[in-house]
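Visitor: Sequence:
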Amino acid sequence: MDSPDTNAVLYISVLAFVACFLAVLGVAGVMDIARGRRDLRARVIGTAGDNPGGVRPEDQTGLGYFRELIVSLLRKVGEANQGSEKNAQGSAIAQRLMSAGYRREAGPAIFAGVKVLLLVVVPLVVFLLPIPALDEGPLAQSLFGYLMAAGVGLYGPELWLHQVSSKRKTRIINGFPDALDLLVVCIEAGLGLDAAIFRTGVELAIAHPDLCEELHLVSLELRAGLPRSQALTNLGWRADIPEVKSLVALLIQTDRFG
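Residue numbers (our numbering): 45 to 302.
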C-alpha cells in the first residue's frame, strides 16, 4: 500500500506538469498575438517581403518549435471534434476570436482542441487531488463533483474568451471618438477615404492600438484590391460592435451614393 508521502509526491508531480503545460499554452497565446501584430506592422510599412518563405527562425528551434508542436496537436484534436462545422470564417466562434484579437485561420480548431484538453485534464486533476468530499462521500456526490470539474474545463475557455473580447471591445469603443475626429479632419484636409483610414490608424497606434490594428487591416485589404464596401463590412464583422457597424453602414452608403 502506498504511503501518504508517495501519494503526495504523485499529486504534486501531476499538478506541476499540468501547471507547466497550461503556462506554456498561455505564453504561446501571448506570443502569437505579439507576433501577429509585428507581422501586421511589417505588411503596413512594406517590409513583409523580407521573409518570402514565411518561416520564422524562432519557430524552428527552442520554445518556438515546442509552441508550434502543441498548437498543431490542439488543432488536430479540435478539427476532429468540430463535426460538420468546417467554414471557419462563417462560424460564430471565428467571429468571437476575431473580436478578441485572435486572427489565426486555425483559431476555431485550436480553441476547440483546448476545450477538449481541459475537459479531460480538469476532472483528472480533481480525481488525483486528495479531496475527502469526493473520495469518501457517496458515489452520486463524487460523480457530481467530476461532472462539475468537466463543466469547468469545457466552459472555462468560453468564459475567458468572453472576458478578453469584452475588454478589447471596450478599448475600441474608448478610442472611437478620437478616430471619428481624425477621420473628419483628414477628409476635410483633402484626403480620400482610403488615405484617411490609413492615416487615422497610424495616428492612433500608441493611444489606441486595438483600433489602430483594425484600421490597418482595412487599409491592407484596400491595398490588396478588395472593394471598399467589402473591406468596411469585414471591419464591422471583426469588431462586432454596434457603433462600428453603424459607422460602417454610413460609410458604405456614403460611398455608394457619392
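Everything labelled a hint here was simulated from the structure, so no lab data went into it. Careful: at least some of the hints might be erroneous.
[Claimed, not checked] Think about it this way: if two alpha-carbon atoms lie no more than 30 Å apart in a straight line, the pair counts; the simulated DSSO-like pairs of lysine-lysine are:
| id | residue 1 | residue 2 |
| --- | --- | --- |
| 1 | 213 | 159 |
| 2 | 213 | 289 |
| 3 | 289 | 211 |
| 4 | 159 | 211 |
| 5 | 120 | 159 |
[As the list claims (entries may be wrong)] So the derived label-pair ranges between C-beta atoms look like this:
| id | residue 1 | residue 2 | range |
| --- | --- | --- | --- |
| 6 | 168 | 273 | 48 to 54 Å |
| 7 | 201 | 113 | 36 to 42 Å |
| 8 | 124 | 172 | 42 to 48 Å |
| 9 | 222 | 113 | 37 to 43 Å |
| 10 | 253 | 203 | 22 to 28 Å |
| 11 | 150 | 192 | 36 to 42 Å |
| 12 | 211 | 299 | 28 to 34 Å |
| 13 | 124 | 293 | 37 to 43 Å |
| 14 | 113 | 187 | 31 to 37 Å |
| 15 | 228 | 136 | 46 to 52 Å |
Beta carbons are placed, not taken as given, at the ideal position from N, Cα and C, and that holds for glycine.
Visitor: Against the earlier hints, flag every one the structure doesn't satisfy and list their numbers going up.
Guide: 7, 8, 11 and 15
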